[in-house]
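Asks: Here's the letter readout for the chains.
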Amino acid sequence: MNDKDVILEVRKISKEFPGVKALNGVDLTLRRGEIQALVGENGAGKSTLIKILAGVYRKDAGEILFEGTPLELHSAHDSLQRGIKVVFQELTLVPQLSVAENVFLESFPLKRSGAIDWRTLNRRTQEILASISLDLNPTRKVSSLTISQQQMVEIARALSHEAKVVIMDEPTSALTPNEIRSLFEVIRRLKSLGIGILHVTHKLEEVFELCDRVTVFRDGQLVSSRPVPETNTNAVVTDMVGRSITTLFPRTHSGRGQPVLRVRGLATDKKLKGVSFEVHAGEVVGIFGLLGAGRTELAKAIFGLDPVIGGELELRGRRLRLGSTSHSAHAGLGLLTEDRKGEGLVLQMSVAQNMTLPSVREFARFGLIRSKAENARSQEYVQRLAIKTPSLRHKVEYLSGGNQQKVLLARWLMKKLEVIILDEPTRGIDVGAKAEIHKLIDELAMAGLAVIVLTSEMPELLGVSDRILVMSGGRITGEFGREEATQEKVLAAAIA
Amino acid sequence: MSSNVLNRRSARFSLSRFGELGLLAVLVALFLVFTFSSKYFFTPKNLSNVLGQISITMIAAVGLSLLLICGEVDLSIGSLQAVAALPLVLVMNATGSFWLGVIPALAVGALIGVINGLLVTRLKINSLIVTLGMYYLLRGFVYLVTGKVPISDRSGKDLFFMVGNGKLFRFLPYMALLMIVIVVVFMYVLRHTTYGRRLYAIGGSPEVARAVGINPERLKLSAFILCSLLSTVSAILLASRLSSANHMAGQGFEFQVVAAIVLGGVSLAGGVGNLLGALIGVLIFGLIQNGLSLMNVGTQYQMLITGAIIILAVAVDELKKRHA
Amino acid sequence: MKKCLTILLVVLLLVVFTTTLAFAQAKKPKRVGWVGNYMMHEWYQSLQKGMKARAAELGIELEVADANLDMAKQVAFAEDFMAKGVDVLIISPVQQEGAEGIVKRAKAEGIPLIIEASAVKGMTTLVAICDYDCGYKGGVATGKYVKAKLGGKARILAVDLPALRPCILRVDGFYDGIRTIIPDAVMVHRIDGQGLKDKALQVATDALTKDPNVNVLYGCNDDSALGALQAYKAAGLDTKKVAVCGTGGEGNAFIVAMKEGGPYVVEAAMFPEAVGYECINMAVKLFNKEKVPEHWVTPTLALTPSTWNKYYSLAGEVRTINWKAVNAIKRESKCSKY
Amino acid sequence: MANTATRGQTITRALILFNELILVLVLVLLSILISIGNPKFISFANVLNILRDSSMAVIAGIGMTMLLISGEVDLSIGSLVAFVGVVTMDVINKTQSTALGVLAGLALGSLTGLVNGLVRTKLKVNSLIGTIAMMMILRGGVYIYRIAAVQNYHLKRAFFEIGNGYVGFLPIPILLMAILYLVFLVVINKSLAGRYLYATGGNPTAARISGINVDRLKILTFIVSSTLAAMAGVILVSRMNSGQPNSGQGFELEVISGVILGGTSLSGGEGTLIGTLIGIIILRIINNGIIILGWNQDLQIVVSGLVLIVAVYLDNRRKIARAKIITT
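Going line by line, the protein sequences match chains P, F, Z and X. Sequential numbering from 8 applies to the first sequence in the numbering used here. Sequential numbering from 533 applies to the second sequence in the numbering used here. Sequential numbering from -18 applies to the third sequence in the numbering used here. Sequential numbering from 487 applies to the fourth sequence in the numbering used here.
Hints were generated in silico from the structure; no laboratory data involved. The model shown is predicted, which means the values in this text are computed figures rather than measured ones. Hints are supplied without guarantee of correctness; some may be wrong.
[To be verified] Restricting the straight-line Cα-Cα distance to at most 20 Å, the calculated cross-link-like pairs of lysine to any residue (SDA-like) are:
{"hint": "1", "chain 1": "Z", "residue 1": "Lys311", "chain 2": "Z", "residue 2": "Asn262"}
{"hint": "2", "chain 1": "F", "residue 1": "Lys571", "chain 2": "Z", "residue 2": "Asn262"}
{"hint": "3", "chain 1": "X", "residue 1": "Lys608", "chain 2": "F", "residue 2": "Val848"}
{"hint": "4", "chain 1": "X", "residue 1": "Lys805", "chain 2": "P", "residue 2": "Phe284"}
{"hint": "5", "chain 1": "X", "residue 1": "Lys810", "chain 2": "P", "residue 2": "Gly318"}
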């Protein structure tokens, strides 16, 4: 196994954290000019391996061969020096600095005086950005960029110092289809430069569109590594979850009831330009839009999280006060934001306390919380949603992403709701958990709630929605029934 | 498009220039009010005095700004002012040389900086707590070693006296000269050197910095040392003005400085702010003190007004930010 | 809401500015500038009364700035006054060594300078009481009372302010004074009350739990003494078995306490009004280049519940000094200790 | 792993999991050391004395803890204590009614809290800066209101009792402290308000999405906290028997130091009242002990500073160990 194409070889690497064996003697081989997919459920050990290769973690056992020679990584700096560049899922940019500064953060071009050579810095950044066909002003503050643009800047950084291996940790999780397309072009260009690419992802369609080889991890071990032509979705999924998942999008609910939520000419000073639509009981409305179309803004505006300058909301015929979260929450609205940690969970609080946050009133008598009732109720939902937690008093911080998302869903399942808004409910969640969450969405509709799902993942959109609204530039630019909706139609409306 | 142009400038100079506009307005307003309410205010002599008076605060403010920008804070600078003056005056009285006194003073300052820095970066204790502890510790230390008896300058060195009281061309106080040099140097460092940009980086997002191979610990340590060194410089100036090392020196100084630079838009959260803002903040406080005293306003009214102005200024700033 | 608040603040600012304009405009030939140490303390309030009174008599314009216990500020304000070009500068040092800079500065600028309260190296003249002798007088008077009323044994709790030399001198003086009457008097506690009543109360409480067996409470200022007394009461000790002596007579506190007829039996009074009065007199002398002593001593006297009203009268909450009586008090030519 | 662990391990685990472990150890250690130096320290009288002197800081500390949990801070309580004292005494002098005086004092507290809260939530001024400003405004204000200390011209018994009286053997300040402490122990740990406080400090957006009116909650917390500080001011003025405009200097730092020492996080969302109680008493014991031992009083702040740093460091270590155990 020592042909000279191999640039990176991982042998019998193990890594143990208190209580968990994150990696248990895994092997992995990456060749020059190869795009290798690394897939596996959350907790399979993908990110641990990446962090080891990035020099963030130290391996307990095993060895790393880089260009045939053993490699000891002591710091992030080491692996950068050797030409291993990791594009992490949570973006590693400094919002306060400019694009150029971020691209060359590791080492600015300097003048003889030791001062930063701004001209060169910006010129070279411009060149790199051009090479990945990205038109950005290098002096723009990163905080003013969209997520996808930031992702591109990350990759630009990878190119800024001749990377030999580029590792991408779910680069597309935040991107919209055509952004993904241009990202793939970039990745293919990297491939043509002879760079080895390790592409970590949850989206199997990407594997078959982009990659040459697919490697599957499960529970810290290597399950399979096959050339893409020699395998198929079902085989990979089975390898990942150890069982075959039947239907990804169960639909048992049927027939919509009374209109519940009416939105008329909703507008904010930033994004929304007057949005009108209505949602019925027992109906799942999917809202699609490219990044910056105003999906999230719409959700926040409806819920009162962002200030609204115009329009009106009606819930079951009653006018809703705008811009008051407490008011809309009490009126029976629920919101699952896309930013799980930043806007959803209270990390210092226990699983139970996070679940009951909106509904804890119901367990209170004379303003005092009856913890028995609270715990009983929480326990019920822990079981119903199969949330993996040692106890109710366990800090939610320590749960896996999927389980955290379930806790947030439980939060709204517990409460008597009229309308629930789910913003990117399955972002960064593995196949197994995804399926369970899609099942829950269906149950919510069954229970007669009006469900609004905002998503940028086409299969999910087409899978869960009874009706699809498409947004672009802060307006609704298209509406399709479940039957008539196709990927092409939706995209056409989204670009309009 | 225009926003793009603005972005270009703000990135080039790392200056959120509009950030200061609100405060600049406040500053100008104060200036006018005082000019019209006291004929002594707008005189070269008084203005040069004010310039000198704010120097002590501003020099320390430069150091503390560096710290705040990289996401830490130091509440012990006031107590340090009392500590650092001791070796200065002692050695000066012994050797009769000002410069021989400066060396141990700076050494002590650096040492304190190292201690603060190590406690924060190595033992991972919140800097607010570490330096609050040091705030008590150092003050108590001075009380103990001096027995609360000030040590006055017996070297009779004119140089020592001139440092804090002399003026260039009978107008520009040497203190102000030193302050301007320091401010300019560190403005340059913050804007145009890798070190400066990295301070912003680790203040903005430490984990990012680490991921790209920057070592936040080492940078923060250096910032702590710089902060203590600059506070020591301010301590030397104060000692010269008091022509003694004094156990009561610098009481409440840390809060003056923090208030001034936070007023100047340097964020306590780290990663945001610049020395121009800090300077404006310090100037606002300096002008209020000087102007009101020229107008014979009683201390109780001065306190009231200062407090009101702080709230006013910050509120205006916040309003502007949200409508920007 | 925020609008109203903002407007409110602005208005407030304007009001204060305009009201203070009045001060700023006034102008007279002879201007005296005084940089106080801690104007908000009653001592300096009363001192200012004296100064203002005398300045008014002589038609001198008096300007006052307050260092508010901040030495850097004090230097700054001294500068400001020199910049304003006052004819005479009066300084009450926050901290004597801390004012040496100002002395040099004034010399350089050629402005006559008076130091109030505590001597500063290189100064021309000092207007102040003799702290040691003042405490001494208090000690003697207290000793007599203890000997007569409390069975001649004296066990002392003294609340000191070691940060300031004058206070140390007073406590030393008190101790020496009381021992002239009761030679075996013991200093049981000598604690730092920072000159503040709440701090004095706290440390005295602790001291009294350590050893409650004291019958003399002394404070280097009235607040310190009264703080100690409060601690004594709170400890449930018998107020009939204790004598309290305060120092200064800064405000009404000691008068009220004496009127109560409680254990507060001696006040080592320092007549702040008189100090202020003399400061102005001295200013005139200096301005006219007259020859002046290095230390111009102002009167001190141990007052008792029966004698205080010769020198002060209290109407409502306003006390007025009896100048004739106070100026008649015999003064030391120079202090027995500095 | 508990089942596999030996008894020794389980005990250490239990200790590490117990939040106030370090504090209790420090408290006990200090007490023992001081008692060795002077047995009087542990005497009933001195214990009462320590508690009584802590009562004011603890009462104010309850409010400060709630503020820090909600992610805010209040540096103006020191000046407030002075202002409340002066106003209370003055009103009693004028009305000859203790009740009215106390009410006036508490009202001033609530009002200050309201303003602090509005400045924070409506003007969006960072509470650190906002309350530093309020500290100046109040200190200036009290001197404008009354430049001289307000003496006791009424000699009301009830007024004296507040700070110096006893119920049985129990000093009234301790009683007040105990009652308020227990009440707020329930409020913080068992009530909706308490739960919302933690949520707001932990993640404001999440709190808002869950229907909590964050602004109103914060304003309320500021009011409660300032009113408690005012209560401390009332006790202090009764103990001093005069309204001193210069009192309460550094009180805010004393309280905050105690609360931080008690393990309350500066970034919000974490903190316990137990910790606050122990933290404040530890600092008080240091001051008291050094006098009882007859040491140089300047050591008070030195030791306080040391203990603050060391205790917080040790507690960090414990937290890390705790996290390990939990994730296991």
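Asks: Would you mind marking each hint as holding or not holding in the structure?
Replies: Status of the hints after comparison with the structure:
1. Z:Lys311 with Z:Asn262: Holds, at about 18 Å.
2. F:Lys571 with Z:Asn262: violated, 28 Å
3. X:Lys608 with F:Val848: The hint holds at about 12 Å.
4. X:Lys805 with P:Phe284: Status violated; Cα separation ~50 Å.
5. X:Lys810 with P:Gly318: violated, 51 Å
Checked against the numbered hints given earlier, the structure breaks hints 2, 4, 5 and satisfies all the rest.
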